[in-house]
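Enquirer: Sequence:
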Amino acid sequence: MSIRTEILSKGCYRARFADQSKDLAAAQALRTLCFGTNQPDLDRFDDVCSHVLIEDIRSDRLVCAFRVLQLPNGTGITQSYSAQYYDLSALAHFPGPMAEMGRFCKHPDCNDPDILRLAWGALTRIVDDHGIQMLFGCSSFAGTETEPHLDTFAALKHRYQAPERWRPKVKAPNVVKFDRPLAQLPEVKQAMLGLPPLLRSYLMMGGWVSDHAVVDTAMNTLHVFTGLEIGAIPKSRKRLLRVVAGDS
Numbered sequence: 001m002s003i004r005t006e007i008l009s010k011g012c013y014r015a016r017f018a019d020q021s022k023d024l025a026a027a028q029a030l031r032t033l034c035f036g037t038n039q040p041d042l043d044r045f046d047d048v049c050s051h052v053l054i055e056d057i058r059s060d061r062l063v064c065a066f067r068v069l070q071l072p073n074g075t076g077i078t079q080s081y082s083a084q085y086y087d088l089s090a091l092a093h094f095p096g097p098m099a100e101m102g103r104f105c106k107h108p109d110c111n112d113p114d115i116l117r118l119a120w121g122a123l124t125r126i127v128d129d130h131g132i133q134m135l136f137g138c139s140s141f142a143g144t145e146t147e148p149h150l151d152t153f154a155a156l157k158h159r160y161q162a163p164e165r166w167r168p169k170v171k172a173p174n175v176v177k178f179d180r181p182l183a184q185l186p187e188v189k190q191a192m193l194g195l196p197p198l199l200r201s202y203l204m205m206g207g208w209v210s211d212h213a214v215v216d217t218a219m220n221t222l223h224v225f226t227g228l229e230i231g232a233i234p235k236s237r238k239r240l241l242r243v244v245a246g247d248s
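Heads up, the final residue of the sequence shown is numbered 248 in the working numbering, and it's a clean run with no missing numbers.
It should be emphasised that the hints constitute simulated quantities derived from the structure, not laboratory data.
Built from N, CA and C at the ideal position, the CB exists for glycine as well.
A few of these clues could be false.
[Stated by the list, open to error] Distance windows between CB atoms, simulated: (1) A92 to K189: 35 to 41 Å; (2) D179 to R44: 30 to 36 Å; (3) K189 to R242: 17 to 23 Å; (4) S59 to H158: 41 to 47 Å; (5) R61 to H158: 40 to 46 Å.
[To be verified] Quick list of in silico lysine-lysine cross-link-like pairs, DSSO-like style, CA-CA up to 30 Å: (6) K106 to K157; (7) K189 to K106; (8) K235 to K171.
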């Protein structure tokens, strides 16, 4: 993928592509810190992805990172990170360019909402530059205890389940099916408060999720497959994203 190093900058932050081995090492170190893994967080997908770094311009401190795997269409989706955990055979028929966003992490000491805003601006720039028609990835809930998330999972099933033509099937050995009846929810809005911020952003733009979560003990998370068709993003939301993604 042909890329320029700096993507954009806004306020106190800039987003750029990793362009040296030390950049990748810094991203991996941040991931290790954020995900709390016992071993350094690195895998074979790092070598085939583009890595986006968000830095505080005032100190050059790395505050956020994520990686992007670009695919020309759905035929290569079995080579994605997500395909390790989900049967994505339905998405193999997707006709347009796709991108998997993964390993998103933000430094635990950095809670400025502008960081997430800039991350979406950078991703919007990548989507526009390469004509991406679908974003996908795994959205994670902290911990592997299922009970605290069952109401949220039920709400996701009834409001944001993937369309049948693209719906992932079960592949991982340990999953949580979203089978709690909506009628048992005490309050749908309350249940949705348990959404991770990144997943909330996807859903606000028209995204959808799998009908089950994978229990990932290695990462100490529960994650759901998440898809977002670019053509389904509301026009008002696209305008906001492109304001952030505009030239500095």
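Enquirer: Does each hint hold? Answer for all of them.
Expert: Cross-check of the supplied hints:
1. A92 to K189: 35 to 41 Å: holds (36 Å)
2. D179 to R44: 30 to 36 Å: Between D179 and R44, where Cβ atoms are some 34 Å apart, the hint holds.
3. K189 to R242: 17 to 23 Å: violated (29 Å)
4. S59 to H158: 41 to 47 Å: holds (45 Å)
5. R61 to H158: 40 to 46 Å: Holds, at about 41 Å.
6. K106 to K157: Holds: K106 and K157 sit about 27 Å apart, inside 30 Å.
7. K189 to K106: holds (26 Å)
8. K235 to K171: Violated - the C-alpha atoms of K171 and K235 are around 35 Å apart, more than 30 Å.
Checked against the numbered hints listed earlier, the structure breaks hints 3, 8; every other hint is satisfied.
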